[in-house]
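A.B. asks: For reference, the chains in residue letters:
There are 2 protein chains.
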Amino acid sequence: MEKKLTIAIVGATGAVGQQMLQCLEERQFDVNLKLLASSRSAGKVFTFNNQKVTVKELTENSFDDVDYALGATENDLAKKWIPWANAKGVVVVDNSSAFRLDENVPLVIPEINPEDIKKHNGIIANPNCATIIAMVALHELHKEYHIKRMIVSTYQAVSGAGVKGIQDLENQLKDPDAPCTAFPYPIAYNLIPQIGDFDENGISKEEWKMQNEARKMWHHPDLLVNCTCVRVPILRSHSESIFIECEKEVDVNQARELISKGQGTILKDDPQNKVYPMPLDTTDQDLVYVGRIRKDLTDPTGRSLALFCCGDQIRKGAATNAVQILEKLIQ
Amino acid sequence: MEKKLTIAIVGATGAVGQQMLQCLEERQFDVNLKLLASSRSAGKVFTFNNQKVTVKELTENSFDDVDYALGATENDLAKKWIPWANAKGVVVVDNSSAFRLDENVPLVIPEINPEDIKKHNGIIANPNCATIIAMVALHELHKEYHIKRMIVSTYQAVSGAGVKGIQDLENQLKDPDAPCTAFPYPIAYNLIPQIGDFDENGISKEEWKMQNEARKMWHHPDLLVNCTCVRVPILRSHSESIFIECEKEVDVNQARELISKGQGTILKDDPQNKVYPMPLDTTDQDLVYVGRIRKDLTDPTGRSLALFCCGDQIRKGAATNAVQILEKLIQ
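Chains A and B supply the protein sequences, listed in that same order.
Counted from 1, the first sequence has number 287 at position 287 by full-length UniProt numbering; the numbering is strictly sequential.
Counted from 1, the second sequence has number 160 at position 160 by full-length UniProt numbering; the numbering is strictly sequential.
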């Protein structure tokens, strides 16, 4: 009888960590689970495969009995504990952005570049949530038409800022004076066109991620992306309005067929019958919904397309993608 | 002593009609006010300049004693009553879309094409709300750089669907099963990428308005606009993420200065210090807030710019603009 693998979730009590636990269970991982978090959360108890698992404090010695780790911590912490895990031979799938653009670290969406997983040196980075949703939506179109340029406006859920973001929205909807703990301004009945800090060109970190991470995963260093990232008062699904300009002329019906057959996508595109992607429908779903597909009539060359897509930011945008990488690693 | 003018508001009990009343009062119109609505609303009483005004039922004879009328009714009704008003010599500023593209009817934003008011034949059309907000934001840039192409993604408040839209959001936030009276799907915690019906190309009526109305007001028949209109769970300000491609090379600092000096706009653009337009800030304001101005780095010619703008949909997007037209008419 084979020995059961031991999987650690680091940052187990946050929104993404909790979703990772749920995804492992749903995807029938028959493993020992180790839950790690700060001393503040140690002692909390969660259920995995009908067994109680107690959260342990993350320390340098946490990884002695671990085979793989899923990381759901902020960058600073990730930079600290991932070397501890690697030193014990533990391979880490990390959801922070600390290592995403490191050339020694593959950045992977399993539907897009699973072959990059093999090149890992102990770390595989999980991409930014908005980037995952856009790239899954666009991948079949990119393979067929070769995307040169993307203009993206996002509608990003408060869950992108974790449990605090969700609480801010819920509290502020009840009481407009409830404090802002996750965002610079109230988010109830509001939009905030800032996700991450801005550089001197007025472009936010989140906006750069879409270009830089997409270039890396598509192995397409010339890709041009202009992105405006906006936080909206939605709980947990991100939506994106995307315009793409391609090398080849696009065909709307073919584009629809490509997306309907694509991995990780579901076509929701019959607007005259009120069928289109909406974030409420993708909540707690792993698939990216794609619709509103139409020719961009402002490009006379016929090589541009507009579409709208939605995906659950905590699932496919974070936890599910990491667990899918782990599945491929273990195979 | 001059005789006081009599101004009628037709559709006086809706969200836009009520805002028209408030705008007339704020802008110190010393006039007799006549409030007209359906028989259902007749008898309701509102206060204007400290006097009670009782809503009367709209009939063919409603305009005998009227000088000017502000229209805040749906298209079907507008087509019915505006001829009654015109037959009595009453000039109408109409907020419906029934006459906007009629070549005998000027379509006007006073900051943009006030000279067109003079060409009226009894009707002046008030533009679509999202179009007004975008064009006010862009007008100075258009004068300087000549906009060829716009790619717009909107974030439109529920007030665009009137009082019912506001009630749907408020009710559904309290009870997710509250009925949808204004929208095809629940809007609380959701986005709906549909505003207006779709044509066979998958483009909605609201999306066409941005191109067709902008072409008319800028007298720019070659303007190309690709627009994705999305309803968001916000009460009454519309926001828009806009990319423009111009004839001339753009300069970000000059663009900021043009907007800061422009009519109807206020520059909110210091993202590193968390200054950018947000719909909560523009609620109940007449100015359009513009920020997030940056070069579109995906256009190697340097002729493209990205920005984000917000404006109160009921005020500048509807009632204020109509009252401003009326001011010019009376002058």
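Hints are not guaranteed to be accurate.
To be verified - Here are the simulated lysine-lysine pairs, DSBU-like style, with alpha carbons at most 30 Å apart: (1) B/261 - A/148; (2) B/274 - A/164; (3) B/274 - A/205; (4) B/261 - B/248; (5) A/274 - B/248; (6) A/248 - B/274; (7) B/274 - A/274; (8) B/174 - A/79; (9) B/148 - A/248; (10) A/174 - B/248.
Hint data in this document are derived by calculation from the structure and do not stem from the laboratory.
A.B. asks: Next, verify each hint and record whether it holds.
C.D. replies: Okay, the hints, checked on the actual structure:
Between the alpha carbons of residue 261 of chain B and residue 148 of chain A the distance comes to roughly 36 Å, so the proposed pair goes past 30 Å and is violated. A distance of roughly 20 Å separates the Cα atoms of residue 274 of chain B and residue 164 of chain A; the hinted pair therefore holds under the 30 Å criterion. In summary, the hint linking residue 274 of chain B to residue 205 of chain A is supported, as the alpha carbons are separated by about 14 Å, within the 30 Å threshold. At roughly 20 Å between alpha-carbon atoms, residue 261 of chain B and residue 248 of chain B fall within 30 Å of each other, so this suggested pair holds.
For the proposed pair residue 274 of chain A and residue 248 of chain B, the alpha carbon gap of about 40 Å is over 30 Å, so the pair is violated. A hinted pair counts as satisfied when its Cα atoms are at most 30 Å apart, and residue 248 of chain A with residue 274 of chain B does not qualify at roughly 40 Å. Annotation: proposed proximity of residue 274 of chain B to residue 274 of chain A is violated, straight-line Cα distance about 37 Å (limit 30 Å). Our distance criterion of 30 Å between C-alpha atoms is broken by residue 174 of chain B and residue 79 of chain A, whose separation comes to about 42 Å.
This hinted pair checks out: residue 148 of chain B and residue 248 of chain A have alpha carbons roughly 23 Å apart, not beyond 30 Å. The straight-line distance between the Cα atoms of residue 174 of chain A and residue 248 of chain B is roughly 49 Å, outside the 30 Å bound, and the hint therefore fails.
The structure is inconsistent with the numbered hints 1, 5, 6, 7, 8 and 10, although it conforms to all the rest.
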